[in-house]
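Using the sequences and the hints given, assemble the complete structure.
Next come the chains, spelled out residue by residue.
There are 2 protein chains.
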Amino acid sequence: MTQTPWLGFSIDRAADTPVFEQICAAIRLRAASGQLALGRKLPPTRVFATELGVSRSTIVTAYEQLVAEGYLSSQQGSGYRLCASGEVELTSQPTPQRTKARKGAAEPTTQTRQSRGAAKGTAEGQGVTPFRAGTPDMRLFPYRQWAKTVARICRSDPQAMFTGARGFGSLALRQSICDHVAEWRGISAEPAQVIVTAGATDALELCLHALAQRGDSVALENPGYKPLQHFITAQGLIPHHLQVDENGAVLPDGSASPRLAILTPSHQFPLGGAMSPARRMEFLRWATKSEAWIIEDDYDSEFRYAGRPIPAMAGFDHLQRTLYVGSFSKIFSNALRLGYLILPEPLTEHFTVSICRFAPRASSMPQQPLAEFIQSGEFYRHLRRVRRIYAERRRFLLEQLAQEFGAYGYCVDHQAGMQVVFHLTCGLQDAEICSRASELGLSVEALSGFVQSPDLTDGLYNGLVLGFCGYSEVELRQGLGLLGRVLEQIRA
Amino acid sequence: MTQTPWLGFSIDRAADTPVFEQICAAIRLRAASGQLALGRKLPPTRVFATELGVSRSTIVTAYEQLVAEGYLSSQQGSGYRLCASGEVELTSQPTPQRTKARKGAAEPTTQTRQSRGAAKGTAEGQGVTPFRAGTPDMRLFPYRQWAKTVARICRSDPQAMFTGARGFGSLALRQSICDHVAEWRGISAEPAQVIVTAGATDALELCLHALAQRGDSVALENPGYKPLQHFITAQGLIPHHLQVDENGAVLPDGSASPRLAILTPSHQFPLGGAMSPARRMEFLRWATKSEAWIIEDDYDSEFRYAGRPIPAMAGFDHLQRTLYVGSFSKIFSNALRLGYLILPEPLTEHFTVSICRFAPRASSMPQQPLAEFIQSGEFYRHLRRVRRIYAERRRFLLEQLAQEFGAYGYCVDHQAGMQVVFHLTCGLQDAEICSRASELGLSVEALSGFVQSPDLTDGLYNGLVLGFCGYSEVELRQGLGLLGRVLEQIRA
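One line per chain: the protein sequences are A and B, in this order.
Sequential numbering of the first sequence, starting at 1, is according to the working numbering.
Sequential numbering of the second sequence, starting at 1, is according to the working numbering.
Wrong hints could be hidden among the right ones.
[Claimed, not checked] Some chain A residues close to chain B (C-beta under 8 Å, calculated; not the full set):
hint : residue
1    : Arg-144
2    : Val-150
3    : Ala-198
4    : Ala-274
5    : Pro-277
6    : Arg-337
[To be verified] One side of the interface only, derived from the structure: several residues of chain B facing chain A at Cβ under 10 Å:
hint : residue
7    : Gln-35
8    : Arg-40
9    : Met-138
10   : Phe-141
11   : Cys-154
12   : Gly-164
13   : Gly-199
14   : Asp-202
15   : Gly-236
16   : Ile-238
17   : Leu-336
18   : Ala-362
19   : Ser-363
20   : Met-365
21   : Ser-376
[Unchecked claim] With a Cα cut of at most 25 Å, we get these calculated SDA-like pairs of lysine to any residue:
hint : chain 1 : residue 1 : chain 2 : residue 2
22   : A       : Lys-148   : B       : Ala-37
23   : A       : Lys-148   : B       : Thr-457
24   : A       : Lys-148   : B       : Gly-39
No lab work stands behind these hints, which were simulated from the structure alone.
Values in this document were obtained by computation on a predicted structure and should not be read as measured data.
Backbone N, C-alpha and C fix where the C-beta goes; we use that ideal spot for every residue, glycine too.
Printed below as a string of structure tokens:
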């Protein structure tokens, strides 16, 4: 037995468990119990190896395993740090379902929320229940770099934390947003066209307030983002449901003249395909002809894993009839409550008046730090890193589903996004599966739950919406094990 | 002539201008041009006096004058610092009206906003146009202490900046809010009853969403906070206007059965009186009997300048039928977008569901710093300081109005709040005065503009709503000079 003064644990060389796994288990346990503080630097591999009397490669193996699991982050030249807290499931413990059920019970509200990350998925309490959709893995977030950026502003310009709440938001952030969408989404806009909002949902609500009046019809995708329907009816607007075919949403039929169409052309939510160029053109022609507006909800476009990014419709349209809604929630968690709206130039004056009537709700405080985070490149370093990790998690999930769940259904690989849809072909009902899965602490959403108007689709959509970004391979494997058990039970 | 290496300016002892005024002018000029950085510490009085070859009391006089004008802040034991930037008008310049007109033109939107601080009045660009109402003087804000609090969190617990966005908000902040309202407002509540919102308006909207359904009637004060009427009708609710008499809002008559009554019992907005204890009891009896809810909008209750604070209605009611809406905007500017809602215990479950449907919009980032700012006492140090300064500014404004404007009207002294109402008795119309005043760059609001339903009040309300908190005595005097000119012109 070797005892280390640092973690105060012993290695049992006689045990069946490999030494690196014993080290992992000890660190996981201390992370979960809070004995090891978040952000705490772990001993350098060489020092720790000497202390424990093991080879340095054993320590490296253990640390790298914990990086893969999301417990540790490694920074070139500065070693390893704990980046996940006690919120993380003790993956090596033998009774995951009991622990999960307890966690589920303690947070009753999370099950009732509509996903897509707009209403949930913050740094808090995630990482424990696959397969929540639309939420980033905040264990991977570069808290230290963010804190450095904020601390620099505290030193150099504390007043900057109080600017940006008025009107369209911080000029520095709006400039950074313009740079970002120019490079990543092919949209050319001036800061005067950008409004910083309290998240994407706030931007969508602002569009509804500014562009539609009681009794107007608003087109939205079916299936789609469910809270939209709610916002629309709550304002006395009339939802007009658009079917979705293999080219994306279908144009409004003659029965309604929508003032607005809210679309997800880059990556249909929740099905996942991109709208075809021909269909985009049809929508733009429709909008021009009927003097309607298209709201492009580009909720997770940064996450494309193969091929070239599909340019935004707003870029294609040169912002004539298209308003573009972007979000930082998928990269930053939605805790900061920051999103943005990019307007066609002729609408800026109209929105200046609207924003006065509906006071802006984005806090000033994160705006300057975010602008600097983007400008310094930290934002993109993080984005590239998580994209690589999410791509691996996605590949792993798709492989596992194909190998182990082929008898129940299939996935279509859209090479993008933060969730996959597993279409059921076995006669089982998605709602029943999700309800049973939630009893085991899993967070799986039924595809049928995203149908805005069930009578129009007649049972066409039956599947499971599985988010993968927030979970390590170990956690995904564990979740799939539980999901498999649910499927077997129901079939039996 | 004496030249100082520090400011690089000369004193002209032969000039008519007193020496202390020359020093003031030099500092104002350098503050406005940006040569003197914000937060920059000024030389100690003794050192500066020696450098300039003047008596120390001359320096003290100059510094204190600039403190009164809002340029400098003084901290016991740590000297004087520059706390206002180039945004501040050069009050010693001879052409204020021209400068002001230009500023007014550069910010066309500010004139269209409804005041009370909810939709305007941030750190940016204020301090130049008296008499905007409801906005604190952010030149007095202890940016350094705030930045220290934030920087400490950056060092010790960067993840805390990402917690609090889910559900009801940061637990630490909700605990601080409970402590605050227990001590200051006589309300006894648990953190489980507190929701952190993106400002008071967000809290009011949340109440409307959660407690009223399309077609329901909602009682609101007339005159009152104008955007409320807009939020109510935008949601398909029916406003029911309550008259205001000398005891506060009058109970709803038999013609409507409101589900909610939104009241400002501590300090009627915009008139300024407190609701009498008897009227409060009548409202509580009414709410109990008709199973309605009272929303107590306690928008500026921290600013009471004499006598004992009037306890909140929610404290009196023990939170049975009363929901309490509080705000940090009046102390902190509304830039952080933080307010709160305190619920009767039986409503907490209902609001848990509502908050899921209408995603919370308060950013996580300012929540932990604010909690620590309150707990450390910095919040109260600042509050006491600005209350003292606002009390002086208020006294000055009331004196000036009585001395110089007695021929036009009168004020009723309510010893509270952030604005006074100057009731016109001279036959002039408030709207015309405000329109002319705005041409001179003044921001004065017409009392008649706060009337929600003009047919019910029949010209009863004719006056000027004059905010005083954001302006030094010099600025108020300047504003009054311009206002006097407007009144003379119209009467002529």
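The hints, checked one at a time:
Interface hint at Arg-144(A): satisfied, since its Cβ lies 7 Å from the closest Cβ of chain B, which is below the 8 Å cut-off. Hint status for Val-150(A) relative to chain B: holds, with the closest Cβ pair at about 5 Å, below 8 Å. A distance limit of 8 Å between C-beta atoms decides the matter here; for Ala-198(A) the minimum to chain B is near 4 Å, and the interface restraint holds. Evaluation of the Ala-274(A) hint against chain B yields a violated restraint, the C-beta minimum of about 26 Å exceeding 8 Å.
Restraint check, Pro-277(A) versus chain B: the minimum CB separation of about 33 Å is more than 8 Å; hint violated. The interface hint given for Arg-337(A) holds, since its Cβ lies 4 Å from the closest Cβ of chain B, which is under the 8 Å cut-off. Proximity of Gln-35(B) to chain A is violated relative to the hint, the smallest CB-CB distance being about 16 Å (cut-off 10 Å). A hinted interface residue such as Arg-40(B) counts as satisfied when its beta carbon comes closer than 10 Å to some beta carbon of chain A; here the least separation is about 12 Å, so the hint is violated.
The criterion of a C-beta within 10 Å of any C-beta in chain A is met by Met-138(B), whose closest approach is roughly 7 Å, and the hint holds. Contact between Phe-141(B) and chain A, as hinted, is supported at the beta carbon level, the nearest pair being about 8 Å apart and thus within 10 Å. The beta carbon of Cys-154(B) comes within 4 Å of a beta carbon in chain A, closer than 10 Å, and the hint placing it at the interface holds. Of the supplied interface hints, the one on Gly-164(B) holds, with its beta-carbon coming within about 7 Å of a beta-carbon of chain A, less than 10 Å.
The interface hint given for Gly-199(B) holds, since its Cβ lies 7 Å from the closest Cβ of chain A, which is under the 10 Å cut-off. For Asp-202(B), the shortest C-beta to C-beta distance to chain A is roughly 6 Å, which falls under 10 Å, so the interface hint holds. Here the hint on Gly-236(B) is kept, as its CB sits about 5 Å from the closest CB of chain A, short of 10 Å. For the restraint placing Ile-238(B) at the interface with chain A, the shortest Cβ-Cβ distance is roughly 13 Å, beyond the 10 Å limit, so the hint is violated.
With 10 Å as the threshold, the beta carbon of Leu-336(B) comes within range of chain A, its nearest partner Cβ sitting at about 6 Å, so the hint holds. Hint on Ala-362(B) holds. Least Cβ distance to chain A is approximately 7 Å, under the 10 Å limit. Annotation: Ser-363(B) was flagged as interfacial toward chain A, and the flag holds, the nearest CB pair being 4 Å apart, inside 10 Å. At a threshold of 10 Å, the smallest CB-CB gap from Met-365(B) to chain A is about 5 Å, leaving the interface hint in force.
Checking Ser-376(B) against chain A by beta carbon gives a least distance of about 16 Å; that is not within 10 Å, so the hint is violated. For the suggested pair Lys-148(A) and Ala-37(B), the alpha carbons sit about 22 Å apart, so the restraint of at most 25 Å is met. Proposed proximity of Lys-148(A) and Thr-457(B) is contradicted: the alpha carbons are some 57 Å apart, above 25 Å. For the hint linking Lys-148(A) to Gly-39(B), the alpha-carbon distance of about 21 Å falls within 25 Å, and the restraint holds.
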